[in-house]
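A.B. asks: Sequence:
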Amino acid sequence: SLANQRFTFLSKKANCDLALDMKFFFYQCFLLGEWCKKNTNVSGFASVDMTAFKKYKFPIPPLEIQQEIVKIL
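Our numbering runs 4 ahead of the 1-based position in the sequence shown.
Hints may contain errors.
As the list claims (entries may be wrong) - 35 angstroms max Cα-Cα, derived DSBU-like pairs, lysine-lysine:
1. K16 with K41
2. K58 with K16
3. K27 with K41
4. K27 with K17
5. K42 with K61
6. K59 with K41
7. K75 with K17
8. K59 with K75
9. K27 with K75
10. K59 with K17
Bear in mind the hints are in silico, worked out from the structure with no lab data behind them.
Produce the complete structure using the sequences and hints provided.
C.D. replies: Here it is in structure tokens:
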């Protein structure tokens, strides 16, 4: 599992007008979790590199592409 005291949950910003398939979002969260595991600093207490985390780009293709990706998964 992945946990970090510096962030607790992700959400779509209220002013974000992009269409988002929830299954695609779940898949992207899984990929983000894998990224976090690879970008963890271990110095007494393991924590995600928040500088790099803030620069992480969450890819959001058009809704039709998201739905095609979900079908393949």
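A.B. asks: All the hints need checking, so say for each whether the structure fits it.
C.D. replies: Okay, the hints, checked on the actual structure:
Our distance criterion of 35 angstroms between C-alpha atoms is met by K16 and K41, whose separation comes to about 22 angstroms. About 15 angstroms separates the Cα atoms of K58 and K16, which keeps this hinted pair within 35 angstroms; it holds. Simply put, K27 and K41 have alpha-carbon atoms about 21 angstroms apart, close enough for the 35 angstroms limit, and the pair holds. With a CA separation close to 18 angstroms, the supplied pair K27 and K17 stays within the 35 angstroms bound.
Only pairs whose Cα atoms come within 35 angstroms are accepted, and K42 paired with K61 is accepted, the gap being roughly 15 angstroms. Restraint check: the Cα-Cα separation between K59 and K41 comes to about 16 angstroms, which is no more than 35 angstroms; the hinted pair holds. Taken as a hint, the K75 and K17 pair is honoured in the structure, with Cα atoms around 26 angstroms apart against an allowance of 35 angstroms. In summary, the hint linking K59 to K75 is supported, as the alpha carbons are separated by about 29 angstroms, within the 35 angstroms threshold.
Under the criterion of a C-alpha separation no larger than 35 angstroms, the hint pairing K27 with K75 is consistent with the structure, at around 10 angstroms. Between K59 and K17 the alpha-carbon distance is near 16 angstroms, which keeps this suggested pair within the 35 angstroms criterion.
In summary, this structure violates none of the numbered hints.
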